[in-house]
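Peer 1: Chains as they are written, first to last, in my numbering: chain A, 16 to 495; chain B, 346 to 723.
Derived by calculation from the structure, the hints in this document are not laboratory data.
Ideal placement from N, C-alpha and C gives every residue a C-beta, glycine not left out.
You may find that some hints are simply not true.
Simulated pairs of lysine to any residue, SDA-like, Cα-Cα distance not exceeding 20 Å [to be verified]:
{"#": "1", "chain 1": "A", "residue 1": "Lys-139", "chain 2": "B", "residue 2": "Lys-588"}
{"#": "2", "chain 1": "A", "residue 1": "Lys-406", "chain 2": "A", "residue 2": "Leu-353"}
{"#": "3", "chain 1": "A", "residue 1": "Lys-282", "chain 2": "A", "residue 2": "Pro-76"}
{"#": "4", "chain 1": "B", "residue 1": "Lys-364", "chain 2": "A", "residue 2": "Phe-408"}
{"#": "5", "chain 1": "A", "residue 1": "Lys-56", "chain 2": "A", "residue 2": "Asp-323"}
{"#": "6", "chain 1": "A", "residue 1": "Lys-152", "chain 2": "B", "residue 2": "Lys-364"}
{"#": "7", "chain 1": "B", "residue 1": "Lys-588", "chain 2": "A", "residue 2": "Pro-73"}
{"#": "8", "chain 1": "A", "residue 1": "Lys-181", "chain 2": "B", "residue 2": "Asp-672"}
{"#": "9", "chain 1": "B", "residue 1": "Lys-699", "chain 2": "A", "residue 2": "Tyr-134"}
{"#": "10", "chain 1": "B", "residue 1": "Lys-559", "chain 2": "A", "residue 2": "Asp-313"}
{"#": "11", "chain 1": "B", "residue 1": "Lys-400", "chain 2": "A", "residue 2": "Leu-428"}
Short derived list, chain B residues pointing at chain A, Cβ under 10 Å [as the list claims (entries may be wrong)]:
{"#": "12", "residue": "Gly-544"}
{"#": "13", "residue": "Gln-591"}
{"#": "14", "residue": "Gln-592"}
{"#": "15", "residue": "Phe-660"}
{"#": "16", "residue": "Leu-662"}
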Amino acid sequence: MFEEFTGLFNNYYESVIFLYSLFLIAAYVTMCSISGISLWKYRQKNRFVDYNAILSSPFAPSVSIIAPAYNESKNIIDNIQGLLELMYEDYEVIIVNDGSTDDTLQKVVEYYEMEPVNYAIDYKIPCHEINAVYKSKNRSFQKLFVIDKTNAGKADALNAGINMSKKDMVVSIDVDCVIERDALLRLVKPFLEESDKTVIAAGGVIKIANSCTVSEGTVEQVRIPDNWWARFQVLEYSRGLFMGRMAWAYLDGLLIISGALGMFNRKLLIECGGYAVNTVGEDMEVVVRMRRIMAEQDVKYTVAYIPDPLCWTEVPDSLPVLARQRNRWTRGTIETLLAHRRIFLNPRYKSFGMLGYTYWMLFEWFAPLFEFSGIMYFLYLIIVHGAVNWKFFIVAFVFIYSFAIALTSWAILFEELTYNSYKRKSDIVKLIFTAFLEPIVFHPLTVIWAIRGNIDYILGKKSWGVNPRHGFTHLKKSET
Amino acid sequence: MILQILTFISWVEYFFEDKGLVFFASLLLTFIAYFVVLIFVLLSIVIIHRQIQNKLEKRRTLLKDIIHEEILEYLFNDEKEMDILLDMVDVKSAFVKQSMVDFLEVLHDNLKGKYHEKLKILYQQTELADFSMKKIENKNWSVKVKGFRELSRMDIDDVENVIHEYIYADNPIVALEAKLALIRLSPNDPLWFLDTYEGNMSVWAKVNIFYSFKNSHVKVPDLRKWLQSDNRSVLMFILVMIKHYQQTNAFEDVKRFVYYSDERLRHKAYETLAALNLESAKDILMNRYPSETIENKKIIISCLRHFSGDATLDFYLEHLNNEDDFDLKLEIAYGMAAHGDEGEKQLIDVQNSKNLALKKIAAHVSDTRINYRTETTS
């Protein structure tokens, strides 16, 4: 009886895994093709664009940049400097000191000659009380505002910034990122182009700055990271941002704008309630909620994504920090998907509900679970039955391995044919070599971290975890 | 082919005792072979592409230096250099021609007088104008657009009729680029295409038309005639243009837009009326205020800062107490602050009042360290 049951279970389980893998591979191949087309169309369309047209145009919207800062003492001065030198006419920079325990605030106040002002804030979106608003005595820094508030997390800090902002668009950024000089011009363009739809948000490609030379808020020399964990993430980001998000934007099913850099229509963001403070995946949640509200109000809308590298960030280069980050990403994804579960396969939400949400649920949330269960099942076959068809296992393994490398090769090719950030031939060779190691070294770890994220979600864990940065100045020294 | 497949299957069978797996394993092995080839091809393209790009870059830099040197020599020293340039074009390398056109465009934009003309002559005599013209005939829209840009930047007005055909092109980028080219090529009536503008003009189109118009240095036409347009987006565009170019003679025509049902159009009309800075706009703005939406009330208050007087100050005071919207109150308080000593005195009274929200607003507005310019909503 038991043997009959296990035999039946084995058959069903193997069929489910087989079909799931087939769909996953088909989804990846489809996305790869779509992103290729989309990327090509974007390049063609923007070949002659003169972004100077936006500068000083009376038709260009104004922009508030909001950058929450928590213990960012190492880079804060340089990074604010970078933000103050962006190419855009009408913009303000709001740094939100989210109760830093280091000398972040003191450094900014001293360097930028700031003093508290009587700024009246309308709390349109609920957020923790703002202790003080600082403004510089030096007119060269008149675009800069600093909010000091008690620590309540990134989402709450962003909401405080939104409450203070006065411009048409809101750009949320991580203050430890380096933003390209023309990032605002490029990000604002999709909002200007659409005449029949409302663009609610726009995002761009995030690049990895580990081992790059950064000076005064600008990336001067691009290098492949020396650290292997960071190097693996270069490939992961290329696949995810160049291929995944590009394809989803094309299908109008994009669910996330990276928290590192995203532009939002301020009025709509406030109407939708700003960032949710009860999730660790606030960047995904806000996009999903805005899309949901727009669809429920029958507003013609879209979320834009541009494949231009606009922002450089330092990624975790140690396993414990990386594990915490991935754990948080998983919990954020689950929280968002469950909070908006009514979207799942709901035709009212069109491609966003039918395709985007379904994909994220099946292939972003469930994929590590399926993969992990597959490994467990494999071990069970060895231990209980003592018999595995090793020849077939090797063929199947090589199939998956070669598919993974083929996919990464496409991403490397896209990168090379479009923005070729890595100019040195040695960097390309390093990237290719990393591609061969990634599926067997890095990928299994991402599965474990995702499983831990699922467990922590069930246990109700809400923490962000500390993500210590080396700081770009340190990187520059090591380069020189 | 069939023989090869059978050989392949028999080879797989040799390894797999379980016959049920043979088909599946064969399929996987076929895919593996495909992926391996694909990886090899893709990565080879990456490496070869990089090498070619590096070599091309070196060649480009070298060639550009020669071309630039020759053109500058022709322009400022020796007209005989024209022969050398003609020889260079004769090479028939599209790259050489393109490099020359690109450089000519930059020089043409930045030089005036006789040099301007000399460049145009060079462009035509070296048949580079024909090279650009051929681009217009190309089926690829991006090549076509490049042709529009080159010919218009070099002021070749003979092509006006050819480009005109494309202003209603199905491809919106081609249609927009044709219009931008015509702005430069029709200095007497640069915005004539607005007469028959079809569809909704995107903000991107407005940004580019304005930019092209501004950089063409053509005479600004009387913009009033387009205030008769049926196209809402054209009206919005023209209202901003009237405001920007301060066409005060359009005041009466703009006035009627404050009674339109379209909120955004009224918004633009208020801004334009205020920017034209005619005293009679004050009464219109104040009269319209009670029936307006919160957003438009904000813009009316912000526009009223252009006009002083006791009546305006009383108006502010009345609405500061009656309105509920925070941003609107802030705008009103700013309006009061803009009224000199009397306004500031009133703000001090507000600061001493018992209304906590108003006290905060008054304190904010009175704090001159908060830069006023960054405070205004656009």
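Peer 1: A separate judgement is required for each hint: does it hold in the structure or not?
Peer 2: Tested hints:
The hinted pair formed by Lys-139(A) and Lys-588(B) fails the criterion: a straight-line CA distance of about 32 Å is larger than 20 Å. Distance check on the hinted pair: Lys-406(A) and Leu-353(A) sit about 41 Å apart at the alpha-carbon level, beyond 20 Å; violated. Distance check on the hinted pair: Lys-282(A) and Pro-76(A) sit about 12 Å apart at the alpha-carbon level, within 20 Å; holds. A C-alpha spacing of about 15 Å is found between Lys-364(B) and Phe-408(A), which places the hinted pair at or below 20 Å, so the restraint holds.
Between Lys-56(A) and Asp-323(A) the CA atoms are separated by roughly 13 Å; this keeps the pair inside 20 Å, and the hint holds. Restraint check: the Cα-Cα separation between Lys-152(A) and Lys-364(B) comes to about 82 Å, which exceeds 20 Å; the hinted pair is violated. Between Lys-588(B) and Pro-73(A), the direct Cα distance comes to roughly 10 Å. Compliance with the 20 Å bound is thereby established for this hinted pair. Of the supplied pair hints, the one linking Lys-181(A) and Asp-672(B) holds, its CA atoms being roughly 9 Å apart against a limit of 20 Å.
Proposed proximity of Lys-699(B) and Tyr-134(A) is supported: the alpha carbons are some 19 Å apart, at most 20 Å. Pair hint Lys-559(B) plus Asp-313(A) does not hold up; C-alpha atoms about 39 Å apart against a cutoff of 20 Å. For the proposed pair Lys-400(B) and Leu-428(A), the alpha carbon gap of about 19 Å is at most 20 Å, so the pair holds. Contact between Gly-544(B) and chain A, as hinted, is supported at the beta carbon level, the nearest pair being about 8 Å apart and thus within 10 Å.
The beta carbon of Gln-591(B) is not positioned within 10 Å of any beta carbon in chain A (closest approach about 12 Å), and the interface hint is therefore violated. Nearest Cβ of chain A to the Cβ of Gln-592(B): about 14 Å, over the 10 Å cut. The hint is violated. The interface hint given for Phe-660(B) is broken, as the beta carbon of that residue sits about 22 Å from the closest beta carbon of chain A, more than 10 Å. Checking Leu-662(B) against chain A by beta carbon gives a least distance of about 18 Å; that is not within 10 Å, so the hint is violated.
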